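Knowing the structure of chain A, use the given hints to seat chain B on it.
There are 2 protein chains.
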Amino acid sequence: MYYQTISQCTQMLKNLENWLDKAEEYAGAKTFDIGVLMTGRLAPDMKPFVYQVQSACDYVKAAAWLSGQVPPKHQDNEQTIDEVRARIQKTVAFAESVTEAQYAGAAQQKVSLSWAPGKALGGEDYLLQMTIPNVYFHIAMAYAILRHNGVDIGKMDFLGPINWIDA
Amino acid sequence: MYYQTISQCTQMLKNLENWLDKAEEYAGAKTFDIGVLMTGRLAPDMKPFVYQVQSACDYVKAAAWLSGQVPPKHQDNEQTIDEVRARIQKTVAFAESVTEAQYAGAAQQKVSLSWAPGKALGGEDYLLQMTIPNVYFHIAMAYAILRHNGVDIGKMDFLGPINWIDA
Chain A
1 MYYQTISQCT QMLKNLENWL DKAEEYAGAK TFDIGVLMTG RLAPDMKPFV
51 YQVQSACDYV KAAAWLSGQV PPKHQDNEQT IDEVRARIQK TVAFAESVTE
101 AQYAGAAQQK VSLSWAPGKA LGGEDYLLQM TIPNVYFHIA MAYAILRHNG
151 VDIGKMDFLG PINWIDA
Chain B
1 MYYQTISQCT QMLKNLENWL DKAEEYAGAK TFDIGVLMTG RLAPDMKPFV
51 YQVQSACDYV KAAAWLSGQV PPKHQDNEQT IDEVRARIQK TVAFAESVTE
101 AQYAGAAQQK VSLSWAPGKA LGGEDYLLQM TIPNVYFHIA MAYAILRHNG
151 VDIGKMDFLG PINWIDA
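Protein sequence lines, in the order shown, are assigned to chains A and B.
Take my numbering: the last position of the first sequence gets the number 167, and nothing is skipped along the way.
Take my numbering: the last position of the second sequence gets the number 167, and nothing is skipped along the way.
Same shape as in the complex, but just chain A:
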């Protein structure tokens, strides 16, 4: 389920992009600069909204190591809401370019992380202990920053589309 799990992480980035529309509406209605939300944070020693988005994007694209692909490098230079949207869109476009078949050998991959020199993770641990927790952590922190500041988003915006069937 590597491909399916990563596809769901990619869907979470699309959900996040929708929250940006609501953030923009809110800033318009309250007549404040949307840039205030881009630099918003939950605690003085926590990272701001733009960083949370960049980091969520990085953990989604880094899942491509599991497919044997080299993820594209993206500079962390976003400041405006349009730049944040573009970062999400190029990450989603890359993630969606990796096919299910390319993840066939994911369990046999060994993935290194730049911030843990000399260490690596097996494919399954990388997915379960690194990709999922980090993607959801940063997306949830982005959500929390917007929500704490009054943006009108709720749990169903967090979850996004759900493949319901009849009971």
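Source of the hints: derived by calculation from the structure; they are not laboratory data.
One or more of the hints may lead you astray.
Since the list can't tell identical chains apart, any single copy or any two copies may satisfy a pair.
To be verified - Under the rule of at most 30 Å between Cα atoms (straight-line distance), these lysine-lysine pairs were calculated in the DSBU-like manner:
no., residue 1, residue 2
1, Lys73, Lys14
2, Lys119, Lys155
3, Lys47, Lys22
4, Lys30, Lys73
5, Lys119, Lys22
Only a predicted model underlies this, so the values are computations on that prediction, with no experimental measurement involved.
Chain B alone, transformed into the frame defined by chain A:
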């Protein structure tokens, strides 16, 4: 990977239990009642800390539907930090009582939710679109409430144990 994914969600509850120790230390050092954090919230129309823990626990135990088990009912009556710890512990104990073999038919399960009458989800969608996003959402909101209030926890506390191997 149903069992492995749900085991990682269970591990996240154990991580959360560790944050409670740090919250208690912080309350002791600052000489405030730990109960203040139990009712803390990120926005007036968001749920408080205790609810976030209850809800994370509920989505972990509800994953047992995928194994064909009926999850135990737990009353949402926790108020104190010790009651919150007990809620986590009984949820972890139940989740860990379900074996890997019991998840063999998970993909063929059809799971209903009390808040979505008439609807259901197939096993894979239930895991990817309901269990994972909700468990991580509520655990991340619990983290955010503590962090926003100054508790000394960081990303590595969120991630918990990682199965590193040599690079």
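So, going through the hints one by one against the coordinates:
{"no.": "1", "hint": "Lys73 <-> Lys14", "verdict": "within (20 Å within a copy, 34 Å between copies)"}
{"no.": "2", "hint": "Lys119 <-> Lys155", "verdict": "between (36 Å within a copy, 18 Å between copies)"}
{"no.": "3", "hint": "Lys47 <-> Lys22", "verdict": "both (21 Å within a copy, 21 Å between copies)"}
{"no.": "4", "hint": "Lys30 <-> Lys73", "verdict": "neither (36 Å within a copy, 44 Å between copies)"}
{"no.": "5", "hint": "Lys119 <-> Lys22", "verdict": "between (41 Å within a copy, 28 Å between copies)"}
Violated hints amount to a single one, hint 4; each of the other numbered hints is respected by the structure.
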